[in-house]
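> Sequence:
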Amino acid sequence: MSRTPGRNFFFHPGPTNIPDRVLAAMQRPTTDFMGAEFRALQGRCHDRLKGIFRTSQNLVVHVANGHGAWESAMVNTCAPGDHVLVPESGFFSVHWAKMCEALGLVVETVPCDWRQGMDIEKLADHLAADREGRVKAVCAVHNETSTGTMNDVAAVRAALDTAGHDALLMVDTISSLGSIDFRMDDWRVDVAVGGSQKGLMLPVGLSFTGVSEKALAARGNGHLPHQYWSWREYLPTEGRFIFPGTAPTQIFEAMDVALDLIENEGFDQVLARHQRLAGATRAAVTAWQTEGGLQFFAQRPPRRSDSVTAILMPEGHDAEAFRQACAEECNVSLGGGLGALHGRLFRIGHMGDLNEAMLLGALGVIEMQLARHDVPHNAGGIAAAVDYLTQH
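Sequential numbering from 1432 applies to the sequence shown in the working numbering.
One or more hints might be untrue.
To be verified - Each computed DSS-like pair below joins lysine-lysine, with the alpha-carbon atoms no more than 27 Å apart:
id, residue 1, residue 2
1, 1481, 1645
2, 1553, 1481
3, 1529, 1553
4, 1553, 1645
Please keep in mind that the hints were generated in silico from the structure rather than gathered at the bench.
Model, not experiment: these values are computed from the prediction.
Take the sequences, apply the hints, and build the full model.
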């Protein structure tokens, strides 16, 4: 439990804050998930989610987190021994590759400097060299949560087109869906995977997979053994939405309200709000940066994420101890470093149900704790954020 009074300021990059109205929507008696009322609710959510993906194609919903959606993508489209290409971008791209290996797929990778993000030129060269069409799918992370880097999905599609390559384009949108512009149909993405617990402001529990007609057809080429993950089991049939096993009725009630909130604000305005709050966060970190001190982890400004900012601590300073102080002394919860980055950086998640007051409160605590912990930095981060918000 928190040692200080007041509400917790939750700035993890997933799960995110759940609005009170969404929480309240789950406080309802269990309903018949085979009844007409729930079927209508499920269909309503299904159709509106497709708008978030910006697709008119197929959408599959599983009871799972994003890792489940990854596995669903692979087992529905690939056969044992198929080659898949994973352009490295950080912790989550590496873990997607490990999952593919565990499923019996042959993984080819495009290495990168995690501070720079995906290397599009190397990816293009790799695809151009694959004249036999060995690669069945390219698995790319749109927004690499571990590093605070957005990757250019349109550029990945362009690399495939330039090489004349027919591989499926699969994209992880888990930390970008609902907070960063993603265009499944415009970018001709074949499989897009997402989760409920980030930009959609819901609890962990549902995964969403956008599926193109090309990806559906890929099932005919032979696939890895599966049953629970089957897209065919979950696709609407003659207007009926089938949910194998027991459907999580309360989370669908919550999703209906969360989608109401997004639509009432306006989806374009939601994305603009995320850009604005991200800009204010970056303004603060830019002001804090100093030689030999605190730094952005992502080194390319145009590719810095609009949903999470990763901040590299200087040598000799423990990011985990810093996070713990923010949480225990000030009720501000921040994300930590993952894998090899554990203890080296902290992350500010700025996606979902957030506003200026919440962000400025969190940034104020961070600036105070930087001073308390003698972390080398320049003062003035809060002033820089306020100035940014004043002008945008």
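> Give a verdict on every hint.
Going through the hints against the structure:
As the CA atoms of residue 1481 and residue 1645 are separated by approximately 17 Å, the hinted pair is consistent with the 27 Å bound. Proposed proximity of residue 1553 and residue 1481 is contradicted: the alpha carbons are some 32 Å apart, above 27 Å. Distance hint between residue 1529 and residue 1553 is fulfilled; the C-alpha atoms sit about 21 Å from each other, no more than 27 Å. Proximity of residue 1553 to residue 1645 is assessed by CA-CA distance (about 26 Å); at most 27 Å being required, the pair is judged to hold.
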